[in-house]
Structures are given as C-alpha cells and as structure tokens.
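> First to last, the protein sequences are chains A and B.
In terms of numbering that gives the first Met the number 0, the first sequence is residues 0 to 444.
In terms of numbering that gives the first Met the number 0, the second sequence is residues 0 to 259.
Derived from the structure by calculation, the hints contain no laboratory data.
Mixed in with the good hints there might be a few duds.
As the list claims (entries may be wrong) - Non-contacting residues of chain B with respect to chain A, defined by C-beta distances greater than 10 Å in every case (computed): (1) L11; (2) F64; (3) V90; (4) L121; (5) L122; (6) F131; (7) E154; (8) D163; (9) Q169; (10) G208; (11) N227; (12) Y228.
To be verified - Short, incomplete list of chain A residues facing chain B, as computed with Cβ under 7 Å: (13) A203; (14) I262; (15) S405.
Even for Gly, the Cβ is constructed at its ideal location relative to N, Cα and C.
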Amino acid sequence: MMKSLSRNIVLLFIVIVSFAMLSACGSSSDNANSDNTLELIYQAPDDAFESWMNKVKDQFEKEHDGVKVKITPVQSNEGDYSSKKILMMKTEDTAPDIVMEDSNDIHADSTAGYLEPLTDDVNNWDDWDQFYDQVKDGMKGEGDNTYGAPVSTDVRGLWYNKKVLAKAGIDVPWEPKTWDDVLDAAKKLKGKVEVPIWLNAGKAMGEGTTMQTFLVLLNGTDNDLYDEDSDKWVVKSDGFLNSLNFVHNVFANDLGPSLSWGITGQAGAKVATELMPKGEVGIALDGSWLPGNWQEDGNAPWPEWEDNIDIAPMPTENGQDPGHVTVSGGWTLAVPAKAHNKDLAKEFIKLATSKDNLRYGSQLTPRKDIAELDEYQNLKYQKKMTDFLEFTNYRPTYDDYPAVSSNIQAAVESVATGNLTPEKAMDKFAEDTQRNVDKENTTTK
Amino acid sequence: MTFYFSFTNMALTGAAASNTEFVGFDNFVRMFKDPSFKTSLITTIIFLIASAVVGQQVIGFLVAFLMKRKARPFRRIIGLLVLAGWITPEVVVAFVWFAFLSDDGTLNTMLGFAGIKPIAWLLDFPLISVIFVNIWHGAAFSMLMYQAALDDVPEEVEEAAKIDGASAWQRLWRVTLPIIKGATVTNMALVTLQTLGVFTLIYALTGGGPGEKTNTLPVFMYKEAFVNYQIGYGTAISLVLLVFGILLSLLYIRFLKTDS
Numbered sequence: 000m001m002k003s004l005s006r007n008i009v010l011l012f013i014v015i016v017s018f019a020m021l022s023a024c025g026s027s028s029d030n031a032n033s034d035n036t037l038e039l040i041y042q043a044p045d046d047a048f049e050s051w052m053n054k055v056k057d058q059f060e061k062e063h064d065g066v067k068v069k070i071t072p073v074q075s076n077e078g079d080y081s082s083k084k085i086l087m088m089k090t091e092d093t094a095p096d097i098v099m100e101d102s103n104d105i106h107a108d109s110t111a112g113y114l115e116p117l118t119d120d121v122n123n124w125d126d127w128d129q130f131y132d133q134v135k136d137g138m139k140g141e142g143d144n145t146y147g148a149p150v151s152t153d154v155r156g157l158w159y160n161k162k163v164l165a166k167a168g169i170d171v172p173w174e175p176k177t178w179d180d181v182l183d184a185a186k187k188l189k190g191k192v193e194v195p196i197w198l199n200a201g202k203a204m205g206e207g208t209t210m211q212t213f214l215v216l217l218n219g220t221d222n223d224l225y226d227e228d229s230d231k232w233v234v235k236s237d238g239f240l241n242s243l244n245f246v247h248n249v250f251a252n253d254l255g256p257s258l259s260w261g262i263t264g265q266a267g268a269k270v271a272t273e274l275m276p277k278g279e280v281g282i283a284l285d286g287s288w289l290p291g292n293w294q295e296d297g298n299a300p301w302p303e304w305e306d307n308i309d310i311a312p313m314p315t316e317n318g319q320d321p322g323h324v325t326v327s328g329g330w331t332l333a334v335p336a337k338a339h340n341k342d343l344a345k346e347f348i349k350l351a352t353s354k355d356n357l358r359y360g361s362q363l364t365p366r367k368d369i370a371e372l373d374e375y376q377n378l379k380y381q382k383k384m385t386d387f388l389e390f391t392n393y394r395p396t397y398d399d400y401p402a403v404s405s406n407i408q409a410a411v412e413s414v415a416t417g418n419l420t421p422e423k424a425m426d427k428f429a430e431d432t433q434r435n436v437d438k439e440n441t442t443t444k
Numbered sequence: 000m001t002f003y004f005s006f007t008n009m010a011l012t013g014a015a016a017s018n019t020e021f022v023g024f025d026n027f028v029r030m031f032k033d034p035s036f037k038t039s040l041i042t043t044i045i046f047l048i049a050s051a052v053v054g055q056q057v058i059g060f061l062v063a064f065l066m067k068r069k070a071r072p073f074r075r076i077i078g079l080l081v082l083a084g085w086i087t088p089e090v091v092v093a094f095v096w097f098a099f100l101s102d103d104g105t106l107n108t109m110l111g112f113a114g115i116k117p118i119a120w121l122l123d124f125p126l127i128s129v130i131f132v133n134i135w136h137g138a139a140f141s142m143l144m145y146q147a148a149l150d151d152v153p154e155e156v157e158e159a160a161k162i163d164g165a166s167a168w169q170r171l172w173r174v175t176l177p178i179i180k181g182a183t184v185t186n187m188a189l190v191t192l193q194t195l196g197v198f199t200l201i202y203a204l205t206g207g208g209p210g211e212k213t214n215t216l217p218v219f220m221y222k223e224a225f226v227n228y229q230i231g232y233g234t235a236i237s238l239v240l241l242v243f244g245i246l247l248s249l250l251y252i253r254f255l256k257t258d259s
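Build the full structure now, drawing on both the sequences and the hints.
The following block contains the structure:
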C-alpha cells in the first residue's frame with residue numbers, strides 16, 4: 000500500500016512542479032516592450048484603479064493610432080510590490096513604461112536611478128498649478144526634481160462611532176483638543192465596546208504602524224523624526240518618548256485591541272471590515288481610505304456607515320499650534336529611467352491625471368479643481384478630509400527611511416506588548432538606528 | 000555572486016543601489032554586533048532541534064514503528080493523515096493553522112467546550128506553535144524514511160532476539176535501532192537541512208513575530224534584504240546560513256562514516 004501511495008505522491012509532486020514551471024514561463028515571456036506598446040504596472044488587486052486605467056487606455060489608444068496600452072497587475076502586498084517593481088525597473092528587458100509608485104518610494108528610487116525626472120515636463124504642463132503644493136512637494140526626489148504625477152493623496156485622523164460615543168456620554172461631534180482628551184474618551188468607552196481605541200501597533204502592519212500611528216503622534220509634539228537643518232535622524236527626543244508613552248497608555252490600560260490579533264497582519268482588515276461595521280470600535284486612528292471598504296463595491300459594504308461614523312483630526316499633544324496634525328502619502332504615476340517609450344508614457348500620465356479623467360474613488364483628490372466640483376463637494380467626508388491637507392506632513396523618505404521605519408515599528412510593538420518600557424524602547428530604537436544609519440547621521444534632542 | 004554581494008553595501012533602492020561599493024567585512028562585523036542576529040541564530044537552533052531533530056524524527060519513527068505489521072486499513076488511515084501534512088504546501092499549512100490557533104479559532108472553540116478560557120497561542124506561545132506546525136508538516140517525510148528502513152530489518156533477527164528472551168524494549172534498543180542507524184543519520188541530515196530553510200511557513204504564520212520571537216535566520220534575512228532593502232547585508236546573512244548548513248552536513252557525514 001505504501002509503495003503505491005509513495006508513487007502517487009511522486010506523481011503529484013511532478014504535476015505540481017511542472018505546473019509551477021509552466022506558469023512561471025507564462026509570466027516571464029509575456030513582456031510587452033515593442034515600440035508601439037505602452038506597459039503600465041500597478042499593485043493589484045485594485046479594481047477601482049484598474050477600471051479607471053482601462054478607461055484612459057481606450058481614450059489613449061483612440062488618440063494614438065497603432066499604440067497599444069498594456070495594463071499589468073502585480074499581485075502583491077505593499078512591501079512586496081515595492082521590491083517587485085524595483086526588480087522590474089532594474090533591467091531594460093523588464094522595465095515597464097509607467098509604474099504606479101508610492102510617493103514614499105520616490106526619494107529612494109530616484110536616488111537609485113530607477114526613475115526619469117519629470118521636472119521640465121510638469122513645468123510646461125498647464126494643469127500642474129492645479130495640484131496642491133503640499134502634494135507636489137511629496138513628488139520630489141533626487142536633485143529636487145519631480146518624479147511623479149500624483150493620482151491620489153491621503154490623510155490620517157480619528158474615525159469615531161457617533162452612536163457609541165454618545166452612549167458613553169461623550170459630546171458628538173467629538174472635537175478632542177489634546178492627547179489627554181483622546182485618552183479620556185477611550186477610558187469612557189472601556190467596557191462598552193470591544194476596542195475603545197484602535198491603533199496600528201504591530202511590526203506585521205509594517206509602514207501602517209509607522210505612518211498611521213507613530214508619525215501622527217510624533218508630528219503632534221515639538222520634535223521631528225528628521226532634523227532638516229543638520230540632516231540627521233533624531234533618535235531620542237521628548238516627543239519621541241511621549242509618543243511611545245501614548246501607545247503605552249492605550250495598551251497598558253486595555254484601551255486598545257486585543258494583542259493576539261491587534262499586532263498581526265490581519266488586524267487592519269479585521270477592524271475595517273468586521274469590528275467597525277459591528278459597532279465594536281469606539282475610535283480608530285486610521286487613514287482616509289477607510290470608508291472605501293464600506294462602499295457598494297468595497298470589501299465590506301455598509302450603506303449606513305455615514306449614520307454611524309465621523310472623523311475628527313488628531314490633536315497635537317497639548318493643543319499647541321497648529322492644533323491638529325496629520326500625515327499624507329499617496330500614489331503617483333512615474334516613468335522608469337529604462338522605459339522604452341518615455342514620451343508616450345508622459346502623454347499617457349498627463350491624460351490619466353487630467354481634470355476629466357482623474358478618479359479618486361475612496362482617496363482624496365490631489366487636484367484643487369476636482370476638489371471644487373459639486374460632485375466632490377457632495378462627498379461629505381472627502382471634502383472634510385481634504386481640509387486636513389492644510390496642516391499635513393510628509394514623511395522624511397530618505398534612503399535610510401525603510402530601516403528607520405522598521406525600527407519604529409519594533410519600538411511601537413514592544414511598547415504595545417509590554418515587552419519594553421517606553422524609555423527602553425526608545426533606547427533600543429536609538430541603538431538600532433545608530434547602527435543602521437551610522438551614528439554620525441543621528442542626533443538626540 | 001552571493002559571495003561577492005555579501006561584501007558590498009548593495010541595496011535594492013537608494014544611493015547604494017546605483018553606486019554599490021565593496022565594503023570588506025563590514026556586513027559581517029555589523030551582523031555579529033547586531034543583537035537581532037544573535038536572537039535569530041538562537042531561535043533558529045531551538046526551532047531546528049525541537050521541530051526537526053526531535054519532533055519530526057521521533058514522531059516519524061514512532062508512527063512508522065507503531066504501524067509496522069498493523070492491519071492494512073489502519074496503516075492506510077494513519078498514513079494518509081500524516082501524509083496530508085506533508086503534501087500540503089507550506090503557505091496553505093500556515094493559513095490552516097492560523098485559523099486553528101487564532102483567538103476565535105477551532106482550538107479555542109474546542110477548549111471553550113471544556114470550560115477553558117481562550118489562549119492567544121500565536122502571541123503567548125509563538126515559537127512552540129511554529130515548531131508544532133512544522134512537525135505536523137514534516138513528520139511524514141521521516142515516517143516514510145523509517146517505514147522503508149524498518150521494512151528492511153530482517154524478521155529472523157528480531158525473532159531470534161525474542162527467542163533469546165529479549166524484551167520488546169531491548170529488541171528495539173539493541174536490535175532494531177542499530178540496524179537502521181544509517182537511515183536515521185541520513186534522515187536527520189535531510190530533515191535538518193530542510194528545516195533550516197523553512198521560511199514561508201513561519202512568515203505566513205507569525206511574520207517572524209511577535210517582536211523577534213519567531214525570527215529565524217531565513218526570516219531575518221528576508222526582512223533585511225526585501226523589507227529594509229539591504230541586499231548586501233541580506234546576502235551576508237544568507238552566506239552565514241549556508242555555512243551553518245554545510246557545517247551541520249559535515250557533522251552528519253562524520254556520523255555516517257563512523258557508522259560504516
């Protein structure tokens with residue numbers, strides 16, 4: 000019996016291996032690099048982006064006789080997409096003509112020589128004035144050049160459940176003025192909902208922990224992560240410690256999510272698609288894209304979400320100027336340095352990001368003229384969050400940022416899990432960062 | 000190439016991507032100073048010994064031994080159950096076990112029936128959990144190896160020992176095990192090397208966390224190379240992993256030689 004079973008297993012093995020090899024062949028031999036084909040890659044799945052691009056593709060192909068646009072989905076999560084995209088851009092054979100690029104990657108990718116500068120092109124482009132200045136600043140990389148056209152932007156804030164807060168005796172609309180106001184509200188919600196206040200706090204959430212939690216906190220203190228004057232990373236500061244203390248206060252007082260899922264990679268999805276619609280989250284410090292989950296075509300349609308949920312800007316630590324704080328990122332369309340049809344690619348990007356074509360879905364629009372449209376103004380939350388752009392910050396996405404960000408995630412997680420005190424976590428962060436970026440590139444405040 | 004890259008500051012993006020420089024032993028010096036490397040080396044050794052050397056070997060042997068000369072249907076059912084773990088791809092194994100071990104997973108539901116409070120397995124016992132899952136995944140390989148080896152043990156020898164008055168334990172210890180020693184060492188070598196490279200299972204189950212509790216060398220290497228984009232440093236770690244594997248293989252070969 001065992002012999003025949005072993006033989007079956009060997010056969011199964013052969014079938015699986017051959018299948019894997021065949022599918023690998025299929026994807027590698029399928030590159031479209033001929034002169035009249037324009038290849039665009041994006042991080043999939045993203046149905047809204049895909050349908051928007053398909054529309055632009057049809058229009059572009061009609062306007063450019065004989066040109067074919069090929070839209071290639073790259074199935075991956077955020078971290079993997081960056082690596083895959085870089086590996087494709089590295090060699091001429093695989094370089095696409097247009098890449099969907101996270102504004103976070105622009106600095107490092109342009110320094111590495113992967114991207115084509117678009118400064119001259121955008122300066123000659125009438126529409127360029129229509130993009131918000133803060134968003135345009137986020138497109139800059141090596142040599143202060145512009146490397147991408149923004150397709151979206153985002154902000155972070157405190158999403159809260161109006162009904163749950165009202166039941167707990169908190170005035171709605173809720174307008175916290177300091178961090179203490181936020182913590183007080185969370186304390187009042189304790190015992191009334193499963194998660195009084197939700198924060199990304201795990202390494203598994205990667206950049207989400209740095210950007211949605213830590214930087215939103217740190218930017219509300221008097222300290223920064225990067226000192227632009229001395230070009231050094233600030234590895235220890237009162238603001239840094241206070242930010243970790245905020246995380247500590249949330250988790251040590253059982254105001255945050257249960258750690259057994261709260262620090263796993265599934266946490267973000269669970270909050271947005273399961274717990275919030277069930278009314279089990281009081282407050283969530285998260286991004287502007289959250290309601291995207293609740294749209295008709297989203298992951299967890301929730302038609303009544305607007306009756307339940309509202310957003311308040313995150314206050315600064317003690318209410319100091321400018322009173323509120325947020326962090327922005329967003330996606331761009333960029334042209335790889337090794338693209339084959341750069342001129343056509345630039346034309347395509349112009350068309351895609353024009354006033355008539357640029358779609359924002361659940362994201363915020365980077366264009367002022369779109370923000371003024373009645374159609375956009377009627378989207379209550381998009382309009383509200385677009386105002387956050389007035390006080391937004393971008394990340395210091397220098398070359399060493401990925402390593403620094405990774406150390407921040409470790410610090411936040413160790414504080415949330417109670418493995419380290421905020422002081423010890425900051426010491427470890429300083430030690431790790433000094434090793435990663437060289438001690439002379441760091442400073443303390 | 001890996002050998003060369005490990006002596007450079009090569010990065011996937013940023014300045015070091017376009018301007019890769021030879022940095023000598025910098026990556027290795029950094030590695031040995033890096034507390035995360037030390038932690039992940041220790042984690043790797045624990046994972047290796049517990050899940051491969053002890054877990055898969057012992058369980059594989061026990062299953063094979065207990066199945067010997069048992070009724071056909073019984074052998075078939077047990078064999079299929081054990082093999083199910085082996086033929087399932089690592090990433091599927093990870094997701095199945097994630098569902099089983101999560102807060103509201105099957106295990107906690109079952110414990111709930113017995114009145115036991117839910118346990119956050121992957122948070123409170125992450126290393127034990129991944130060790131257990133890897134044993135489940137890999138024990139079938141050892142079972143097959145031992146089945147073949149045990150089938151080769153001549154029945155007459157065992158019969159003779161039995162007539163001489165040896166107890167079951169003595170027959171196992173003094174007769175069976177020495178005869179299959181060669182197969183044991185070969186199996187040990189294969190299972191060790193296979194386990195040393197386990198990545199998907201751990202990465203999908205715990206992502207190397209919480210903290211660095213399940214950050215074995217392959218996970219550590221992946222994170223440095225593809226999350227922090229430090230290809231040079233990542234390849235240096237992979238080189239150490241390779242050397243570690245070679246050393247273990249040499250050790251086993253030595254065992255085999257003394258055996259012959």
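> Does the CB of A:I262 sit less than 7 Å away from some CB of chain B?
holds, 6 Å
> So, as I understand it, the hint says A:S405 touches chain B; can you test that by seeing if any CB pair is closer than 7 Å?
holds, 5 Å
> Test the statement that B:Y228 is away from the interface with chain A: the closest C-beta pair must be farther apart than 10 Å.
violated, 5 Å
> Over 10 Å from every CB of chain A: does B:F131 meet that, or does the non-interface label fail?
holds, 17 Å
> The output says B:L121 does not contact chain A. Does that hold with a beta carbon cutoff of 10 Å?
violated, 7 Å
> B:N227: least C-beta distance to chain A exceeds 10 Å?
Label violated. Min Cβ-Cβ 5 Å, cutoff 10 Å.
> A closest beta-carbon separation below 7 Å is what the hint needs, so does A:A203 meet it against chain B?
With a closest approach of 4 Å, the A:A203 hint holds.
> Going by Cβ atoms, does B:G208 stay more than 10 Å from chain A at every point?
violated, 5 Å
> Would B:V90 pass as off the interface with chain A, using Cβ distances and a cut of 10 Å?
At roughly 13 Å from the nearest Cβ of chain A, B:V90 sits farther out than 10 Å, so the non-interface label holds.
> Looking at B:L122 again, its CB stays over 10 Å from all of chain A?
Incorrect as stated: the minimum Cβ-Cβ distance to chain A is 4 Å, not above 10 Å.
> Against chain A, does B:E154 keep a CB gap of more than 10 Å to every residue?
With a cut-off of 10 Å, B:E154 remains clear of chain A, as the shortest Cβ separation is near 17 Å.
> Taking the minimum C-beta separation from B:D163 to chain A, is that value above 10 Å?
Its Cβ never comes within 10 Å of chain A, the nearest being 30 Å, so this holds.
In this structure, the earlier hints numbered 1, 4, 5, 10, 11, 12 are contradicted, and the remaining ones agree with it.
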